[in-house]
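Asks: Let the hints inform the model, and build the full structure from the sequences given.
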Amino acid sequence: MLASALAASIALTGIAPSAADAKKKRALKPGPVFTESARTSVSSNEAIATAVAYCAPKERVVGGGFYETPPTGPSATGAQGYVFESRRVGARAWQVSSQYFDAPPAEPFTLVAYAYCRSGVPPLSEVETVGTALPPGNTYHVLTPTCTGKRKAVSGGFRAAPPLSGPGVLGQVFDSYRAGPRSWLMRYWNTPPLGGGPNSFSAYAYCAKVKHAPPDTVVAGPVSTMNRSAGTVSAPCSRKAGQVQGGFAQATTSLGDSYFIVSQSQRFGQNWFVSGQHSGSAPDNL
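Using this note's numbering, you'd call the opening residue of the sequence shown number 97 and step up by one each time.
Fair warning: there could be bad hints in the mix.
As the list claims (entries may be wrong) - Once the Cα atoms are required to be at most 20 Å apart in a straight line, the calculated DMTMM-like pairs of lysine to aspartate or glutamate come out as:
#	residue 1	residue 2
1	Lys307	Glu203
2	Lys246	Glu222
3	Lys305	Glu224
4	Lys246	Glu224
5	Lys305	Glu222
6	Lys246	Asp312
7	Lys305	Asp271
Said to hold, decoys possible - With beta-carbon atoms standing in for the labels, derived distance ranges:
#	residue 1	residue 2	range
8	Thr131	Val329	16 to 24 Å
9	Glu142	Leu230	19 to 27 Å
10	Pro332	Val238	33 to 41 Å
The hints are simulated quantities; they were obtained by calculation from the structure and are not laboratory data.
For glycine and all other residues, C-beta sits at the position ideal for the given N, C-alpha and C.
Replies: Quick look at the structure:
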């Protein structure tokens with residue numbers, strides 16, 4: 097999603113550019129996007145899995161994503177993970193955390209973090225917006241951190257409290273996507289009564305000094321009305337646009353009556369894939 101920097105060179109007869117000038121021009125040209133990954137596994141109920149993917153020393157992390165074991169099992173909810181963190185940590189790493197739920201005996205659960213890495217790009221600055229959920233719960237909270245000045249939002253992330261506590265769920269991240277040239281949006285649902293709070297959460301916009309904001313491609317998946325059905329959708333991006341990071345969202349506005357538990361949000365080739373399991377019988381789609 098980072099815009100390519102365009103460099104113009106002028107050749108003068110008898111005057112060759114210095115090695116330092118040539119090196120500077122090479123540094124200003126964005127390189128290809130490389131994907132680095134890290135995985136971890138847990139096998140106990142309510143265990144927290146955290147994976148951190150690192151870029152090579154001369155590269156910067158410009159975005160990230162995740163994949164976890166899809167929900168399975170015969171119970172009402174099935175074995176599944178709740179991703180509550182996906183964000184940049186430092187200049188070269190992306191961290192993802194998920195809390196695992198399964199009725200004993202628990203099955204192995206795997207979480208994968210992806211870091212999208214690039215050389216020759218400007219440094220990113222971070223804008224964080226913090227929210228707090230208060231009693232009685234069952235409300236949506238929307239955060240939109242916004243880049244300042246001429247900076248554009250090239251990627252974003254989120255972090256919330258671990259969602260599982262005893263018999264219920266404290267809250268879930270429903271949406272995380274770029275909302276306009278300079279902002280990233282996070283929608284968080286805190287559940288009643290456990291999610292009544294106080295419960296804090298954060299959204300992040302990662303900002304760069306680029307001339308144009310990355311173009312958006314929005315694709316809506318099929319509508320689901322079946323409980324525990326799987327949903328998948330992918331959004332394509334042209335190779336010229338330089339797609340780095342996408343996001344996910346869902347149509348639900350029914351305060352938890354029907355929603356998707358997102359288990360995948362990652363780049364694959366020139367597409368961004370999002371998958372999840374539908375919970376409830378009211379219509380909803382990714």
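Asks: Each hint: holds or not?
Replies: A quick look at each hint next to the structure:
no. : hint                          : in the structure
1   : Lys307 <-> Glu203             : 48 Å, violated
2   : Lys246 <-> Glu222             : 14 Å, holds
3   : Lys305 <-> Glu224             : 17 Å, holds
4   : Lys246 <-> Glu224             : 17 Å, holds
5   : Lys305 <-> Glu222             : 12 Å, holds
6   : Lys246 <-> Asp312             : 19 Å, holds
7   : Lys305 <-> Asp271             : 25 Å, violated
8   : Thr131 <-> Val329: 16 to 24 Å : 20 Å, holds
9   : Glu142 <-> Leu230: 19 to 27 Å : 24 Å, holds
10  : Pro332 <-> Val238: 33 to 41 Å : 27 Å, violated
Checked against the numbered hints above, the structure breaks hints 1, 7, 10 and satisfies the rest.
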